[in-house]
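Participant: Assemble the dimeric complex from its two separately framed chains, guided by the hints.
Taken in order, these protein sequences are the chains called B and S.
The first sequence lines up with residues 10 to 134 when you count with the working numbering.
The second sequence lines up with residues 13 to 803 when you count with the working numbering.
For the record, the hints were derived by calculation from the structure and aren't laboratory data.
Among the clues, some could well be false.
To be verified - List time: in silico EDC-like cross-link candidates among lysine to aspartate or glutamate, alpha-carbon distance up to 20 Å: (1) S:Lys391 <-> B:Glu75; (2) S:Lys625 <-> S:Asp698; (3) S:Lys391 <-> B:Asp78; (4) B:Lys89 <-> S:Asp698; (5) B:Lys89 <-> S:Glu516.
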Amino acid sequence: MKPGSIAMIVLVLAGLAFTVRAFINNASPYVKVAQLSEIQREVHLPLKPLQQTVQFDIKTMTLTFEGEDETGKVKVVYPKGKPNNFEVATQVVVIGEMKDGVFHARDMLVKCPSKYQGEQQTAQK
Amino acid sequence: MLIGYGVIWFGAICALLSVVMYALSGRRSALIRWARWGFIGAFLGIVGAEAVLQYALLTGRYDLQYVFSFSEQSLSPWMKMASAWAGQEGSFLLWALWTGIYGLILMRTAGGYERWVMTAYGTVVLLLLGILAYQSPFAPLPKPDPAPPVWPPQDGFGLNPSLENVWMKIHPPIIFAGFAALAVPFAYAIASLWRGEFHEWVVRVRPWAIYTTTMLGIGLALGGYWAYETLGWGGFWAWDPVENTSYFPWLTMAAGLHGVMLQINRGRMVRWNHLLMAIPFVMFVYGTFLTRSGVLAEVSVHSFDALAKSALWILLAMLGGGLLLTVGLWAWRYRSMPLPANTQAKPISREVVLKWGIGLLVLSALISLVGTSWPLISKAFTGQMVALQPSFYNQVHAPWIILTALLLAAAPMLTWRGMTLDEILQRLTKGWMAAVATGFALFFAGFREPLTLLISVLLAFVVFSNLGAIWRRVRTSKVTLGGFLTHVGLGIAILGLLISNFYEVKERVVVVQGQDTMALGYRWRYLDMTGNEKFPGDPLADKFNRVRVEVASHDEKFIVEPRFYQDQRRTENNNVVWPHIVRWWNHDLYVAFFAPPQVDASPITIRLHEKEKATKDGYTVEFLGFETGGAMGSEGFRAIARTRVSHPEWEKPVEVEPFRVVTAGGVIPIPVPLPDGSQILVGQMDVSQRMVEFQMIMVPGKPETNPRWVIPLEVYVKPLTILVWLGPPLTVIGGLLATVRRARDVRYGVPRAQGETPPPPAPRQVVPRGKKARLRRPMPEPLSAKAVEKS
Numbered sequence: 010m011k012p013g014s015i016a017m018i019v020l021v022l023a024g025l026a027f028t029v030r031a032f033i034n035n036a037s038p039y040v041k042v043a044q045l046s047e048i049q050r051e052v053h054l055p056l057k058p059l060q061q062t063v064q065f066d067i068k069t070m071t072l073t074f075e076g077e078d079e080t081g082k083v084k085v086v087y088p089k090g091k092p093n094n095f096e097v098a099t100q101v102v103v104i105g106e107m108k109d110g111v112f113h114a115r116d117m118l119v120k121c122p123s124k125y126q127g128e129q130q131t132a133q134k
Numbered sequence: 013m014l015i016g017y018g019v020i021w022f023g024a025i026c027a028l029l030s031v032v033m034y035a036l037s038g039r040r041s042a043l044i045r046w047a048r049w050g051f052i053g054a055f056l057g058i059v060g061a062e063a064v065l066q067y068a069l070l071t072g073r074y075d076l077q078y079v080f081s082f083s084e085q086s087l088s089p090w091m092k093m094a095s096a097w098a099g100q101e102g103s104f105l106l107w108a109l110w111t112g113i114y115g116l117i118l119m120r121t122a123g124g125y126e127r128w129v130m131t132a133y134g135t136v137v138l139l140l141l142g143i144l145a146y147q148s149p150f151a152p153l154p155k156p157d158p159a160p161p162v163w164p165p166q167d168g169f170g171l172n173p174s175l176e177n178v179w180m181k182i183h184p185p186i187i188f189a190g191f192a193a194l195a196v197p198f199a200y201a202i203a204s205l206w207r208g209e210f211h212e213w214v215v216r217v218r219p220w221a222i223y224t225t226t227m228l229g230i231g232l233a234l235g236g237y238w239a240y241e242t243l244g245w246g247g248f249w250a251w252d253p254v255e256n257t258s259y260f261p262w263l264t265m266a267a268g269l270h271g272v273m274l275q276i277n278r279g280r281m282v283r284w285n286h287l288l289m290a291i292p293f294v295m296f297v298y299g300t301f302l303t304r305s306g307v308l309a310e311v312s313v314h315s316f317d318a319l320a321k322s323a324l325w326i327l328l329a330m331l332g333g334g335l336l337l338t339v340g341l342w343a344w345r346y347r348s349m350p351l352p353a354n355t356q357a358k359p360i361s362r363e364v365v366l367k368w369g370i371g372l373l374v375l376s377a378l379i380s381l382v383g384t385s386w387p388l389i390s391k392a393f394t395g396q397m398v399a400l401q402p403s404f405y406n407q408v409h410a411p412w413i414i415l416t417a418l419l420l421a422a423a424p425m426l427t428w429r430g431m432t433l434d435e436i437l438q439r440l441t442k443g444w445m446a447a448v449a450t451g452f453a454l455f456f457a458g459f460r461e462p463l464t465l466l467i468s469v470l471l472a473f474v475v476f477s478n479l480g481a482i483w484r485r486v487r488t489s490k491v492t493l494g495g496f497l498t499h500v501g502l503g504i505a506i507l508g509l510l511i512s513n514f515y516e517v518k519e520r521v522v523v524v525q526g527q528d529t530m531a532l533g534y535r536w537r538y539l540d541m542t543g544n545e546k547f548p549g550d551p552l553a554d555k556f557n558r559v560r561v562e563v564a565s566h567d568e569k570f571i572v573e574p575r576f577y578q579d580q581r582r583t584e585n586n587n588v589v590w591p592h593i594v595r596w597w598n599h600d601l602y603v604a605f606f607a608p609p610q611v612d613a614s615p616i617t618i619r620l621h622e623k624e625k626a627t628k629d630g631y632t633v634e635f636l637g638f639e640t641g642g643a644m645g646s647e648g649f650r651a652i653a654r655t656r657v658s659h660p661e662w663e664k665p666v667e668v669e670p671f672r673v674v675t676a677g678g679v680i681p682i683p684v685p686l687p688d689g690s691q692i693l694v695g696q697m698d699v700s701q702r703m704v705e706f707q708m709i710m711v712p713g714k715p716e717t718n719p720r721w722v723i724p725l726e727v728y729v730k731p732l733t734i735l736v737w738l739g740p741p742l743t744v745i746g747g748l749l750a751t752v753r754r755a756r757d758v759r760y761g762v763p764r765a766q767g768e769t770p771p772p773p774a775p776r777q778v779v780p781r782g783k784k785a786r787l788r789r790p791m792p793e794p795l796s797a798k799a800v801e802k803s
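Looking at chain S on its own, in the form it has when it is part of the complex (with noise of 0.2 Å):
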């Protein structure tokens, strides 16, 4: 796919050219649409590669190794669309794609910023293509030594059928759009450091440090879902690397989305934002780069490849010319940045809480970059890599949660200028009020574990206490509702999160054809499979196999039906498991294989060579020879023993053919009916030494001949998982709405509201120290927001 090649080539020369105009278009303005131009070429080049991948994956180019590996023939239109970021080529185009859509946007609404900021984030750009230039989705699948009789393959090796589900086709896109929206914030700091202007930006880049935010949220939601819909371990977040990976940037994102307000509303902050907006990008590198190379194929549950050598040392080079850049900027620009006013503020004020909570969410973000790196550490320091079980972060953030959400259910009743403690105290009593209630009610539902307790009780304070100050402001008619709303979601996904992971009851749940099992309150009976049911068929190599249990108590009865899938063209990672998840509005019954179905059965055995006879328990077999049918190695090749039985019972011997048949789901044994109705089959064969073993099931009067089906369950019953489906929505609708408010922001000026805030104290400026740095022009008027309304 040559064209594939090209466009991506296109696209990262015009990056270039738009990078290089614009750092050059501070002498010459005339530049400046050169570098849009280059900007919007870049975009087309990156929408170009997106279509000609979709292109070749929904018409089946198979001859390209990316449409090879991860795409099939047998995928509906729209799964085939979504194969396009199942593999790592493609998920770095999905994120050069939402950059570029940002970009765009960025561009239009950058005002005064426009040259800064481009510069940087069309770097970002440049890097991006150049890692798909050098990691291409387009690369031709290299034809094997000897050639196949077909080639190019007519079909794909297909899409890991545990991707193949409704959340493979939501869940990259929007988690993408967060990751790809962090390099706004970042190119941002780097324009504010650069330029050495330190007000207007934090209202430019709030809307898009909301929005990061909200849509990282959404896309660790959506991860949690999908992990617990589709995997079967029953649970919606593990601090697995890859979920932390995505984890520290949000928290870090959503400190300095804080730490922005602060310095709009209080000039407080200053020479913090630039880190806090910065930082999360480079974290983000830094968890692609962990995950991708392959650094913690060990520690971690999921696997990983590893990228091209020189894609790899873009990545580095982004993750260290980041950070670099960030700090060295900053460093240089550090004393020159204005200080507030020294005022001190009242210690119950919103200031001081907003303060301390950005300190416990760069604190939890900290903890989980380090404790999720210390494999790495350790193995630098000592040689010998400790890694740190999940229990770690559950410790550590139960007192984390504790302060967190006294500070969640205080923010919104303070007020910026700070007020007494018995104000306060007034204020907080209904939502602490309906905060006990709640407490009294989970504790006569039975959760009375007296931690989760307190903390179930606080979580649902900051519920009550945001809900209050949504109703405070509804009937003021103010609009700045969406900061509150995400706060109640937050409060009711983690309360949902606590008791459903606490609380759960798991049991392991053996079902055995043909018996009933008690557990959980339910008896459990074995129904049939929907797929290829009979033994000793394959029903495990039935994509669409599922198992039907019969769950049932004294009043209620219903059916589950986990599925258990044996992918038989992958050697590695190829069994699938979908649990089956029944909801009632306060648990889930949560159903799931924990290990492959099997079959129990104790046959009667008998191994003979060929032209050999044997005896056992009345029958007489005789092993006359072999025959094949069909194609030798192809679907439908029969390996045939020609047997004839006997019995004392029967009136003469049989002679029949049982025989092993190769289908897509491996060689399975066909059996055959003898006239007492017992069935006789291949169980194994050596071809060379021309060898069979037979074996003898379903015997009359012997019970344990009759195979059965083994199905053996993992079943959880987790309380109040509804609540885990209803907060992120809350916290999503508030997120975006926050973000529309605060884009008007950037067009019309920060309103200040009557009574509530003094704009901002004067900044302070700080007399540099040394000769150079008197040297420097002076700083430029800060903004007020007339100012940024002219920009």
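Just chain B, same shape as in the assembly (with noise of 0.2 Å):
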């Protein structure tokens, strides 16, 4: 074998197990509330936001709710501030891991504005 077709197996090897890596390293998985106890890890955690439990501390600007889905409910400590359109929001996705019996999320999904929207809100007007 020639050496810069060795060189080139190592590099592409290389390559691989690094993408490999990287991968599993930002992988995320959606869950259910009612798994969060079994994963230590960063999830991906689609919730209903209970508009009722709503709370923001406009001076440190934390948002605290309490979400549910079909498995059950879980309080969230948001700590970057309301996402613009969360008031309105049905469904977000939080990301982060639970700490204490607390999620606490990182980054939060809210469905933002998009020029592929619109449909579903012609039938309110």
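Facilitator: Spelled out as structure tokens, the structure:
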């Protein structure tokens, strides 16, 4: 085998290993509330926020609320302020992990406007 | 709009006619006239549909579902026209429109390839028209039950305000110009495999491949600018599925165009170019499926509408059919494709570097493809959806960009034939010195993180090396500069993206009315709002409201005007943020709301039923009774609470009528002044319980009752964003130059630079294995440059 092709194989393998490692480190499963106690890592948690439980401290910009899915309820703390569409969100995806029975969200996805939206709202007018 | 349906069906029938006639014209060449007229008919059908839609938008035909959903009377005419691509149906129509335009050009320029390439291309047009027939932009607005008094509606539901900007007018047409162009290389690849001709087609497809890559590139850049200018999260690119689905076709097409270069110049990559030319189109259809079918709805921050079932099936047919056709034809022809003469290229040559480059481009495309699809893949195999964080792409692309930058820097200095290590190092020295100098400059400017600095130096190396190549070519008066210019632009843009993202400083600045806040070296002070400022009016419902905040440091002072708007017509996705960007040559100050502006106050509250009376903090409030004014439920309707207020220090009690009024911006309480300067308003009311909560604000001696605006701002300082704006235009100019240059090659033949490249080595015929293969006719002679000229 030529040294060139050996170098190529080594490089490809190293790249592959690196990619797989990055893949595993950044993969975050979607879970249900009932599964939270089993998983000790960062997860995606789709929730329906219960609007009457929402508390927002304007001084510290900390948002706390309870969210539920079909398997249960969980309390969520989100330190980055209230996302723009939060009050009207029917579904959010919080990204973070459980600590001491409270879900600490690092990030939150609330559906945002895009050019692909519109139809379901039409019916409401 | 029957005429809308009519033109689409007319176009679809013409497209069908064209495809059938082109397919049959191999035996009877007279049919080709019919085929051409058929395609022109299909084109006219698409143009007609777009014209009808534009007419409907401009004249306000709000009885159409599409016009009602995405347009409104208050839009400017240009914006009304742009709302043609605000929704699914309209963007399919835009896709079809570009596809039609390219089809006409293709028909005229395909020469001897016309029959084959137009059969494949016409099928794409036919399927697009099929989707439009089932998911029509001309569908009538369904009449609700019970029917409203005014029907059809006199105004539309309206365009989403976050789309109402200049980018909406230019970005979709341009990115769809790129998406639609993907069908041309696809059709050529299919045609080449079908026809069994493997040389002429690369010359013909090359300008298209360059054009497609260029248009997709500019589309991506414009999308990034749009996100940065209007979305308020302070970045250009976020590895969102919607972005990725235009990223991986782009990279694959870029890989393909380099593959085509290799084949034309060195006779290599003959077997792989078909896949590289055809797959990007399939990838784009797949991406359209991902983003239009709603399968990724939970993963993306964008929201998606599902397509109509039948339209979705056509899209799936396009995806499956395109993939099966490509792979099937390719496997069928694989053995008969000529291999290049078995001459090993020197290890240090442009040929080898290009091969590595193609490999890296495909690799990045595949990683993004798999990453974007991972939620689906994991769900299919394990039942649990697993998403990838955007940081995955950043991590993977760090070593990737190092390798890619090295290749990009070396490529322009290399010759096809190859050179020794000493020679290439000598040629690269100047560029490398300039890059290292840039590195030092960045280091002393404070950009010191080692990995980022390394990548920055390498990107600077790309820029200087390619500039050097351009300089050499300008002096020796050669005009093939386009490619180098695109790489200069790419190097600059990626450098800008890297530095502005990695060294961005982000801070939350909560500005409270009447208080100065210090942050990021500036003093922040709330000034006022240009809209309806007075509490408790609701300036958030005023689309043109600007929140003015004064920003001052010791030597400068300016006003930022970020905007926040709550679109009252929508119950979802109704908050719109417009950031304010202050630009200096070396950095941007990016100011955006991260939450709605809020009112902070602790009013004195008194809850009373009708005829009740209570005293708090000296104020005695008596709720005398409800009254109403205006038409119930409509704008201007007022719910009035007749009230008597008294205070020991006043001469006599006053009777006031604070009320809540229905406006376009919701139900707003209107306060009434009291003799001591305080104000009373109706905070909440429950008409069925005959109950009202009164609030006293601006009470003398009680500053906490003064309502104050709290303005939650996210502020980014982003260095060197200017590079992000500087790079892409260079890339576009380079790409268009190269397109024109290579389009000339199709007519006049591929020039061979003197002393640079020998003509491609004669392809070696692979002896086919198996009985069946031996019976096949011999391959046509590969076309030389001269033969291309003739055809």
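Participant: Now tell me, hint by hint, if it's right for this structure.
Facilitator: Now the hints, each set against the structure:
1. S:Lys391 <-> B:Glu75: 27 Å, violated
2. S:Lys625 <-> S:Asp698: Cα-Cα ~17 Å, so holds.
3. S:Lys391 <-> B:Asp78: Given that 20 Å is the threshold and the Cα spacing comes to 19 Å, the pair holds.
4. B:Lys89 <-> S:Asp698: 34 Å, violated
5. B:Lys89 <-> S:Glu516: Distance of about 18 Å is within 20 Å: holds.
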